[in-house]
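Chains as they are written, first to last, in UniProt numbering: chain G, 1 to 463; chain Y, 1 to 463.
Don't read these hints as lab results, they were simulated from the structure.
Misleading hints may appear alongside valid ones.
As the list makes no split between identical chains, a pair holds if one copy fits it or if it spans any two.
Taking lysine to aspartate or glutamate pairs in the EDC-like style, the calculated list, with each CA pair at most 20 angstroms apart, reads [as the list claims (entries may be wrong)]:
| hint | residue 1 | residue 2 |
| --- | --- | --- |
| 1 | 369 | 358 |
| 2 | 369 | 197 |
| 3 | 388 | 184 |
| 4 | 144 | 104 |
| 5 | 144 | 294 |
| 6 | 117 | 294 |
| 7 | 38 | 259 |
| 8 | 117 | 79 |
| 9 | 105 | 12 |
| 10 | 369 | 344 |
| 11 | 174 | 433 |
| 12 | 117 | 285 |
| 13 | 174 | 421 |
| 14 | 220 | 101 |
2 protein chains.
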Amino acid sequence: MSNLNAVLSRIDAELDPALDRLMDLLRIPSISTDPAFKGDCQRAADWVVAQLQSLGVDAEARPTPGHPMVVGHIDGPADNPNCPHLMFYGHYDVQPVDPLDLWDKPPFEPELQDTPKGRVIRGRGSSDDKGQFMTFIEACRAWKAVHGALPCKLTFFLEGEEESGSPSLVPFLKENTAEFSTPDLALICDTGLFGHDTPAITTMLRGLLGEEITITGPNKDLHSGMYGGIAMNPARVLARIIASLHDETGRITVPGFYDGVPELSAELRNQWQSLGFDPAEFLGEVGLSEPAGEQGRSGLEMIWSRPTCEVNGMWSGYTGDGFKTVLPSEASAKISFRLVGTQDPLAIRESFRAMVREMLPPDCEVAFKPHGASPAGHMSTANPMFEKARVALSDEWPNAAAFVGCGGSIPIAGYFQSILEVDSMLIGFGRDDDQLHSPNEKYDVECFHKGMRSWARVLAAVA
Amino acid sequence: MSNLNAVLSRIDAELDPALDRLMDLLRIPSISTDPAFKGDCQRAADWVVAQLQSLGVDAEARPTPGHPMVVGHIDGPADNPNCPHLMFYGHYDVQPVDPLDLWDKPPFEPELQDTPKGRVIRGRGSSDDKGQFMTFIEACRAWKAVHGALPCKLTFFLEGEEESGSPSLVPFLKENTAEFSTPDLALICDTGLFGHDTPAITTMLRGLLGEEITITGPNKDLHSGMYGGIAMNPARVLARIIASLHDETGRITVPGFYDGVPELSAELRNQWQSLGFDPAEFLGEVGLSEPAGEQGRSGLEMIWSRPTCEVNGMWSGYTGDGFKTVLPSEASAKISFRLVGTQDPLAIRESFRAMVREMLPPDCEVAFKPHGASPAGHMSTANPMFEKARVALSDEWPNAAAFVGCGGSIPIAGYFQSILEVDSMLIGFGRDDDQLHSPNEKYDVECFHKGMRSWARVLAAVA
């Protein structure tokens, strides 16, 4: 353990420089979904490469049709040729920042702020995922500084398209299977703690299916006085379609949608009940009070093990100041489905599109634009490294670590399994109030600090 | 009649300079609903004042809390002190121009274009309403040039807020009742021909009620992975509300909505049937084929004598490029109702708001923003000037003139009745394919030309 304690002390002593490095990265507006920020994504990739190179990692930014992949390799200690080989994954891209007027500070001018709940790093990407993956890189930096080498062989793999459907990811992995299929396990740092102080290893991830639909009626916007009452209004058609996607009990009505949705095992149900999740407290953080999902399901089921259908955006007609008495020619919506178990994203996409087409009245047409389709992920905890990591995390935090689910989609874990046949262990230190994807995103300094320490412990445990 | 013929000849000879003057006016982007164009609205008002002054009219732009009112007075011929006193109304403001990318040419760089259907004036406001009211001003110009005086006493009244709910109109009329309550009849030029060649005097106008609603759920946009399934989504709530506003037969479900909606008299029903309105042809112009209104109603009823409820715009969440897996905090819609008979706009507003509030699930709030409320208008044709004008119009056009309805709202006629006790005669020369409120708005040169000639004939007939 003295190996480890020296590294932990080094992490404590070097917290401020580590924070400074994170701030540099947070100043790069690497919004992957908006083509206007392509150059910034390249800058972020190059910045990460430089960090890895400073650890002695053989790293480079590999070009793709989209944003670059950051890839790096480094051996373990020379005196331990049989050390395990781990792969680490993170993403250097971030979400868009609108609505900008709801940010208290510019999203890409990060700050350390003291709040009633403690010290936080404020800025887009501080938690998702720049602050998170830097906990691992900084843990490696401390280990290297203390011991001159890392405790195991490592492959680094960071992408820049996680927030925009990862279009280049699968082709890149398939073209480089030989390079990436050798690790014993992949470590993914893009998840959170459970509650405030319970470290979590995420073993269930929901999949994601994205669809954009545009309903077209008249061939141009019309005067609602001249045509109102006789002309088809596509905004009304779209509203009818969206309203029909859920029944009165909150179940999704797309035919066949629930094929492959499993019930929880009694064991997992008991484990989750013991976590003492309080929906009112969870929702209270965002100004809500009551679970609004499927009737008869627990709060954790709603966010971890049940599928969803949500409207992420919709728009039609005149949306500016004042009023315009227009009948819109078009109405559009961005709709996403969170998937669980063995739900088939492509089958659901076809069923959804067929359902929409069936609801179209005369004189209306629909166009569909796909936005990603990834199945749910399930991690096998058979590998003994899972239990070793669980114990290591329990040593760092007030509460014992738990195996949990995650409502979000981290398709990478599924791709590592299906393409590389490498299992993944998801460990992260985000908190529920980090405002991911929202204005004023933050990451607690405590999470950043204990996150670095946690990774040092996990590396020591599995090495 | 030689009085008249000399004026008609003058109008024919001076068509080109009249077109040039209209082009000057069309170059002023007087969009009243957008505060960014306030200065342009003032410029348009000053331009109209200068035109009236050039006719010897005592005219000025009177300030209001919004955009100016253009007011002018001129006496009739000195040798006929008993000539009638007419008031003329038009509006110098125009609709917004988005979506801008659907315009073939910049909306405020007007052009004369030769099309398969004849020569047109292309540009925002060419038909609604700048080109229309200029037909009257140019008819007066010709009359003055030929006879040295106008055939009757005239009061000019042009507003700049017609496309944005006319907030200053009623207060202005009430403050100046003495000045405006003396005319025998008001002439309003903001309507159209029936079909291609049938001049029309509009005797029925639908009212308009505008409402903007914003549904709020969570206190910020949420990550749809973390909260999807448990958190209320206001976009889904809004869609449900909009979908519920019509039943399967196309009737509007707002309680009490149809109070005061009259059935057509057998006489008017026969007159309208004789007009040979073809819904398929009318809708074919805009890429539609089937009437989408109330079951069991004729096409003309749907657009002239039946009330409507339409979505003019709606927006929520992420509407930019790509995809953002966000649960929106807010969802908004601009909704308008076209009213007929004696429907009470304020009673309907309250009933609509109560219905929306009743549909709100837990954790949702709604905010309402009113956008104008005007009842339907019905013109009494008892005044003999109506029949004189009908005959005069029939002399100018291929088909005999008809008394018709109008689906649009021209609240001014109602205000002239209720505030000034002055009846209105609505005569205009727009065509169904003028693309009012849409990209590429146009006005046929034939309509501009025969419109000027029509006004000369009407003035001669009623004088």
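Hint check results:
Taking the shortest Cα distances, residue 369 and residue 358 sit within 20 angstroms of each other inside one copy (18 angstroms), while across copies they are farther apart (35 angstroms). Taking the closest pair of Cα atoms, residue 369 and residue 197 never come within 20 angstroms of each other, the shortest separation being 41 angstroms inside a single copy and 45 angstroms across copies. When the C-alpha separation of residue 388 and residue 184 is checked against a cutoff of 20 angstroms, the pair qualifies only within one copy, where the shortest distance is 14 angstroms, while the shortest distance between copies is 96 angstroms. In this assembly of identical chains, the alpha carbons of residue 144 and residue 104 never lie at most 20 angstroms apart, being 38 angstroms within a copy and 64 angstroms across copies at closest.
Taking identical chains as interchangeable, the C-alpha atoms of residue 144 and residue 294 are never at most 20 angstroms apart, the minima being 50 angstroms within one chain and 76 angstroms between chains. In this assembly of identical chains, residue 117 and residue 294 lie within 20 angstroms of each other by CA distance neither inside one copy nor across copies; the values are 33 angstroms within and 58 angstroms between. Taking the shortest alpha-carbon separations for residue 38 and residue 259, neither the intra-copy value of 39 angstroms nor the inter-copy value of 58 angstroms comes in at or below 20 angstroms. Proximity of residue 117 and residue 79 under a CA criterion of 20 angstroms is satisfied in neither setting, with 45 angstroms inside one chain copy and 88 angstroms between copies.
In the homo-oligomer, the alpha carbons of residue 105 and residue 12 never lie at most 20 angstroms apart, since the shortest distance is 28 angstroms inside one protomer and 65 angstroms across protomers. Proximity of residue 369 to residue 344 under the C-alpha cut-off of 20 angstroms is restricted to the intra-copy arrangement: shortest distance 18 angstroms within a copy versus 44 angstroms between copies. For a Cα distance limit of 20 angstroms, the shortest separation of residue 174 from residue 433 qualifies neither inside one copy, at 37 angstroms, nor across copies, at 56 angstroms. In this assembly of identical chains, residue 117 and residue 285 lie within 20 angstroms of each other by CA distance solely inside one copy; the values are 13 angstroms within and 62 angstroms between copies.
When the C-alpha separation of residue 174 and residue 421 is checked against a cutoff of 20 angstroms, the pair qualifies only within one copy, where the shortest distance is 12 angstroms, while the shortest distance between copies is 81 angstroms. For a Cα distance limit of 20 angstroms, the shortest separation of residue 220 from residue 101 across copies, 12 angstroms, qualifies, whereas the shortest one inside one copy, 32 angstroms, does not.
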